[in-house]
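With the hints as your guide, set chain C onto chain B.
As they're listed, the protein sequences go chains B and C.
Each residue of the first sequence is one higher than the one before, counting from 29 in the numbering used here.
Each residue of the second sequence is one higher than the one before, counting from 4 in the numbering used here.
These aren't lab readings, by the way, just hints derived from the structure by calculation.
Incorrect hints may appear among the rest.
[Claimed, not checked] Cross-link-like lysine to any residue pairs, in silico, SDA-like; alpha carbons within 20 Å at most:
id, chain 1, residue 1, chain 2, residue 2
1, B, K146, B, D118
2, B, K146, C, G11
3, B, K147, C, R66
4, B, K122, C, A61
[Stated by the list, open to error] Computed beta-carbon distance windows for the label pairs:
id, chain 1, residue 1, chain 2, residue 2, range
5, C, G63, B, K147, 21 to 29 Å
6, B, S223, C, D165, 13 to 21 Å
7, C, G177, B, R269, 35 to 43 Å
8, B, G247, C, S150, 37 to 45 Å
9, B, A273, C, S150, 31 to 39 Å
[Claimed, not checked] Here chain C is said to cover these stretches of chain B; the calculated rule only asks that three of the stretch's residues, wherever they fall, bring their Cβ under 8 Å from a Cβ of chain C:
id, stretch
10, 94-101
11, 121-133
12, 149-162
13, 215-225
Each residue gets a CB set at the ideal place from its N, CA and C atoms; glycine is no exception.
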Amino acid sequence: MLAKRVIPCLDVKDGRVVKGKNFLGLRDIADPVALARFYNSAGADELVFYDITASHEGRKLFAETLTAVASQVFIPLTVGGGINDVSDFDRVLKCGADKVSVNSGAIADPSLIGRAAKKYGDQCVVLSIDAKRAGGHYEVYAKGGRVPTGIDAVEWAKRGEREGAGEIVLNSIDTDGVRKGFDIDMLRAVCDAVSIPVIASGGAGCTEDFITLFREVEGVDAGLAAGIFHSGEVDIRDLKRALSAAGVPVRI
Amino acid sequence: MIAVVDYGVGNLFSLLSSLRFIGAEAEVTSSPAVLARADGIILPGVGAFADARAKLAASGAERAIRDEVEKGKPFLGICLGMQMLFERSYEYGTHEGLGFIPGEVVPFSLPAGMKVPHMGWNGLHILRPCPLLAHTSEGEYVYYVHSYHATGCAGYAAAVSDYGIPVTGVVARGNVYGTQFHPEKSGETGLNILRAFKEITEGRL
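Isolated chain B, as found in the complex:
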């Protein structure tokens, strides 16, 4: 059986990890390569890198960072941030990324998903969705969760699958940063609607939140978090032991 995945997410700006706090003996906590190596040895199943720079110089630094990480860490790497065209896929895949996540770029032009999937394979294209409760449904937001689009998140996930996305990262704007657990209702709604893997994001505050996620949402494949891992509050190895003890299949 496939293992459920635990994925740390690293926001990278000007070649440095943002949000890195006091970290388990690492001298340079903001060094993406050191952090990636640490997470790899701690049992992370995959790493997600978000390029949060917008400048040309920042993009260049990001490419160098990614290349350095991919030369030393041999687990799947997903890259997001600033992916607006097929040429952006090319740019990060050349640096050793395995999957590329699109968000606002796909909202602006949904055909990007299919064009990239055709060129690089479905498994390479991750549709990242930022969504927020709006009455009885969930609304998709663009531009890093700042701009409401009027698009229904469940419909957008289904559209993404039809266009050729191989995986979905579902970020809940409501639970993000609150640390009171993942958005179980929204995850259920999306997992029931698509048959491609879904990665839960936003809201993890403790080990128990991951156990609840995998117990309550049968179809979910992975849990992603940033702050609780960077701060050292949750150790991935301990988390995976706890998941295993709770009957969740994980790679230990």
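Here is chain C on its own, set in the frame of chain B:
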């Protein structure tokens, strides 16, 4: 030196990085002369079978690969590279493989609810001793991404993974080895499989 066959299929960055990481000298090539002086050959591959098969034939490397395999040179096919070791594939039609190992490649026919592609970390169930698994233990996880799988090769399967059906993970026949998963993306377990291949090419395993 390990030759990594370059025939215009897929990105070799991770494979080359992982070979360098374990201290192996690697050369990307389609040149028969380089393949001839290599200690071992790796055939990588992602994408569609027919396209990859045509590109391999067009690269000029195929004749050399057949000669070297015949001479007993260690050979490792990865992912689609493993699928090409078999007699044929039924991915969008029927296509001849290299025929190094009896068996064929078919689409998944899975129990309800199982997703295709088979993508993610799955455990290895080791069926028999195999030099490529010299540093690998029962139950270790490896990373798969594929929509077709090898069947009819039971005598040569060295390890399988459970995905509702037993999925052929490692095959071996004499000097020819294959992994359906990506050792270059399978963490320390994957590096240990590449280390074993390096040792095979050095005559140490």
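Hint check results:
A hinted pair counts as satisfied when its Cα atoms are at most 20 Å apart, and B:K146 with B:D118 qualifies at roughly 13 Å. A distance of roughly 16 Å separates the Cα atoms of B:K146 and C:G11; the hinted pair therefore holds under the 20 Å criterion. Of the pairs offered as hints, the one joining B:K147 and C:R66 is violated, with about 29 Å between alpha carbons and a cut-off of 20 Å exceeded. For the suggested pair B:K122 and C:A61, the alpha carbons sit about 24 Å apart, so the restraint of at most 20 Å is broken.
The hint said 21 to 29 Å for the Cβ distance between C:G63 and B:K147, and at roughly 25 Å that hint holds. In this structure the supplied range 13 to 21 Å holds for B:S223 paired with C:D165, their Cβ-Cβ distance being about 20 Å. For the pair C:G177 and B:R269, the supplied restraint of 35 to 43 Å holds, since their beta-carbon distance comes to about 41 Å. About 19 Å separates the C-beta atoms of B:G247 and C:S150, a value inconsistent with the hinted range of 37 to 45 Å.
Taking the beta carbon of each, B:A273 and C:S150 are about 33 Å apart, inside 31 to 39 Å as hinted. Counting residues of the stretch 94-101 of chain B whose beta-carbon sits less than 8 Å from any beta-carbon of chain C gives 3, enough to reach three: the coverage restraint holds. Using a Cβ-Cβ cut-off of 8 Å, 5 residues of the stretch 121-133 of chain B lie near chain C, which meets the minimum of three, so the contact claim holds. Evaluation of the coverage hint for the stretch 149-162 of chain B: fulfilled, as 3 residues show C-beta separations to chain C shorter than 8 Å, against a requirement of three.
Only residues whose C-beta sits within less than 8 Å of a C-beta in chain C count toward coverage, and the stretch 215-225 of chain B has 3 of them, enough to reach three; the restraint holds.
Comparing the model with each earlier hint shows violations of hints 3, 4 and 8; every other hint is respected.
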